[in-house]
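Asks: Here is how the chains run, residue by residue.
Protein chains: 2
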Amino acid sequence: MSTEIASDKVTKADVVGRYLSAHLTPLEHAEAFAPSNIALCKYWGKRQDELNLPVNSSLSISLAHLGSRTVIRPSATGEDKVILNAKVLDLDAPFASKVIAFVDLFRRQQDLPVIVDTRNNIPTAAGLASSASGFAALTLALNQYFQLQLPDNVLSAFARMGSGSASRSIFSGFVEWQMGLHEDGMDSHAYPLDVVWPDFRVGLVKVSTSQKAVDSRSGMKRTVATASLYQSWPAQAAQDLEKLHQALAQGDFTLLGSTAEHNAMSMHATMIASWPPLLYWQPDSVAAMQKVWALREAGIEVYFTMDAGPNLKLLFQAKDQALLETEFAGLEVVAPFSGAAARV
Amino acid sequence: MSTEIASDKVTKADVVGRYLSAHLTPLEHAEAFAPSNIALCKYWGKRQDELNLPVNSSLSISLAHLGSRTVIRPSATGEDKVILNAKVLDLDAPFASKVIAFVDLFRRQQDLPVIVDTRNNIPTAAGLASSASGFAALTLALNQYFQLQLPDNVLSAFARMGSGSASRSIFSGFVEWQMGLHEDGMDSHAYPLDVVWPDFRVGLVKVSTSQKAVDSRSGMKRTVATASLYQSWPAQAAQDLEKLHQALAQGDFTLLGSTAEHNAMSMHATMIASWPPLLYWQPDSVAAMQKVWALREAGIEVYFTMDAGPNLKLLFQAKDQALLETEFAGLEVVAPFSGAAARV
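So the protein sequences, as listed, match chains A and B. Under the UniProt record's numbering, think of the first position of the first sequence as 1, with each following residue one higher. Under the UniProt record's numbering, think of the first position of the second sequence as 1, with each following residue one higher.
Check the hints yourself; a few may be wrong.
[Claimed, not checked] Selected chain B positions facing chain A (in silico; Cβ < 8 angstroms):
| no. | residue |
| --- | --- |
| 1 | V214 |
| 2 | S216 |
| 3 | S228 |
| 4 | L229 |
| 5 | Q231 |
| 6 | S232 |
| 7 | A235 |
| 8 | H262 |
| 9 | A273 |
| 10 | W275 |
| 11 | P277 |
| 12 | L279 |
| 13 | W281 |
| 14 | A287 |
[To be verified] Here are the simulated distance ranges between beta carbons:
| no. | chain 1 | residue 1 | chain 2 | residue 2 | range |
| --- | --- | --- | --- | --- | --- |
| 15 | B | P94 | A | D187 | 54 to 64 angstroms |
| 16 | A | L323 | B | P94 | 29 to 39 angstroms |
| 17 | B | T226 | A | L323 | 26 to 36 angstroms |
| 18 | B | H29 | A | E301 | 55 to 65 angstroms |
| 19 | B | E325 | A | I300 | 39 to 49 angstroms |
| 20 | A | S97 | B | I300 | 28 to 38 angstroms |
| 21 | B | E297 | A | K221 | 16 to 26 angstroms |
| 22 | B | A329 | A | D187 | 49 to 59 angstroms |
| 23 | B | I83 | A | A225 | 49 to 59 angstroms |
| 24 | A | D92 | B | K319 | 42 to 52 angstroms |
| 25 | A | A294 | B | A329 | 26 to 36 angstroms |
| 26 | B | G299 | A | Q147 | 55 to 65 angstroms |
No wet-lab data here; the hints were simulated from the structure. Glycine included, each C-beta is placed from N, C-alpha and C at the ideal position.
Hey, can you work out the whole structure from these sequences and the hints?
Replies: Okay, structure coming up:
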């Protein structure tokens with residue numbers, strides 16, 4: 001009889017527990033920031049649900065100052081408290097219960113009530129997911145708060161268990177999340193790429209900020225279960241990752257942009273080929289895509305990527321910023337390599 | 001040394017020539033009608049270019065009285081003449097040159113100038129391709145004109161060489177085009193399915209009638225060449241075909257509609273996953289899809305299919321016609337099994 005634990009029997013608590021001492025000594029105050037990130041090669045599909053282990057490796061750009069700042073303090077009342085954007089949440093609210101479940105992985109049975117106070121400075125208009133930066137900031141803050149002094153790759157793997165793409169938000173700049181092979185997922189973490197590209201820009205185009213009808217976790221599941229075309233996705237993602245590495249090594253913006261757009265459209269194609277069809281696009285998303293293609297026809301090097309939502313994220317170079325701000329009213333431009341480092 | 005002819009060396013002229021006697025005896029007048037058809041399992045991708053041999057079998061519904069009527073007469077002037085919707089075309093115009101090239105397959109070197117007069121009664125608003133019904137009607141008219149008395153399966157295979165989906169427009173009702181295996185393609189023809197479904201309705205939703213930016217022949221090529229996700233298409237099409245046969249055998253409208261919509265969305269997914277992206281949808285296409293999905297949520301059994309263009313074709317049952325005519329202004333409804341037979 002084998003004593004090996006089947007892959008889906010490894011729990012988050014098992015994995016985190018191995019890195020903790022029996023008793024934790026919390027500080028009075030811990031604070032951390034983590035940036036949002038935009039994937040240029042998308043994370044789409046899990047090979048294991050409990051630990052958020054992905055089917056494919058992915059690559060992203062972190063959005064510098066845009067992200068989540070999380071403060072953790074002891075709770076004097078003896079009750080946990082979760083504050084999001086200055087509002088105290090009901091502990092049964094989805095975000096609050098996820099945060100507390102994540103804190104529980106660290107404090108386990110110890111009586112260490114906390115106040116978790118998170119602020120997202122992502123403009124509401126941008127329609128960016130905050131779970132990646134949120135879980136990354138929470139992981140970094142917990143590392144400080146409990147004085148764990150864990151290395152970045154472990155923090156990235158932990159953040160991944162909160163929300164897959166949070167593994168990438170531990171770092172700034174271009175970041176790769178390697179899918180890993182191990183059963184406990186500890187080799188499925190991100191690492192920063194040694195590339196600085198000062199002229200690289202990301203532009204956030206607001207199409208709609210309404211709540212998604214289908215969250216990305218469910219969308220991913222439906223795609224894997226019902227889209228025949230998904231079978232070809234892992235191979236394409238691997239190929240796109242190679243192209244992105246080449247583009248970054250050579251500073252080839254055309255290769256970078258075209259690969260990112262092709263990758264995003266292919267991911268959306270797998271959703272569209274699901275049943276029932278999963279279409280995150282709004283009519284205005286199509287209008288914005290057509291505008292990007294028309295600009296490209298006219299010689300402007302602009303590409304886009306999209307996540308599980310209706311908004312476009314433009315990829316371009318500093319020289320085209322003024323023109324694109326004119327073409328896309330309300331464009332929020334991020335310069336990932338300028339200003340202060342993303343990580344506090 | 002093999003004497004076999006490589007697949008791409010077989011020409012249309014070779015194939016057609018085998019069915020013709022040395023000298024043709026044309027009539028003074030020949031006339032034929034062929035219906036448009038809407039595929040429920042799409043033809044998408046060629047395994048051989050010259051003969052329009054498909055990667056997968058497909059299944060369609062013919063649109064009864066909507067289609068093309070073609071008259072062929074001898075030309076007294078000694079010059080060919082092509083008339084489309086009562087307008088004499090320049091012989092260099094794309095449609096005219098394709099028609100003449102097709103006529104040449106039959107008359108070969110013989111001096112038999114013709115007047116080909118084609119009228120499409122497809123409402124311009126419907127945004128339906130006319131090449132399928134056009135080449136089917138031309139094939140049927142040529143068969144009469146030259147007194148060939150060829151069987152339907154041969155006529156279907158000939159029509160296929162004019163335009164792939166024309167193979168299906170030789171017949172009315174539900175029609176399957178079997179992909180075939182032979183090198184000369186003569187087993188790649190359509191045949192009518194023995195199913196009568198009086199309540200079955202097709203509704204044409206006009207989104208746009210503007211010219212396509214990329215014709216379907218080029219779109220198909222780009223998809224096969226650049227979309228990794230296309231690799232999964234042939235298997236899905238085969239599976240969808242099975243489901244459609246089951247739906248037709250059991251009169252299961254839900255299975256029929258859902259399979260057709262899933263198939264169409266999967267075909268569009270392969271286009272979207274091409275590079276550069278091939279998106280035939282307009283913003284209003286997305287709005288119309290969302291409307292269909294909302295109606296379905298509300299319990300109305302309506303599905304859609306789409307071809308290489310922005311327009312939706314609704315699939316529903318007679319009982320929901322009045323409601324859908326209210327929901328979709330200008331809806332053109334076709335009852336494929338009512339009225340006169342499609343073939344004259």
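Asks: If you check each hint against the structure, which ones fail?
Replies: 1 and 2
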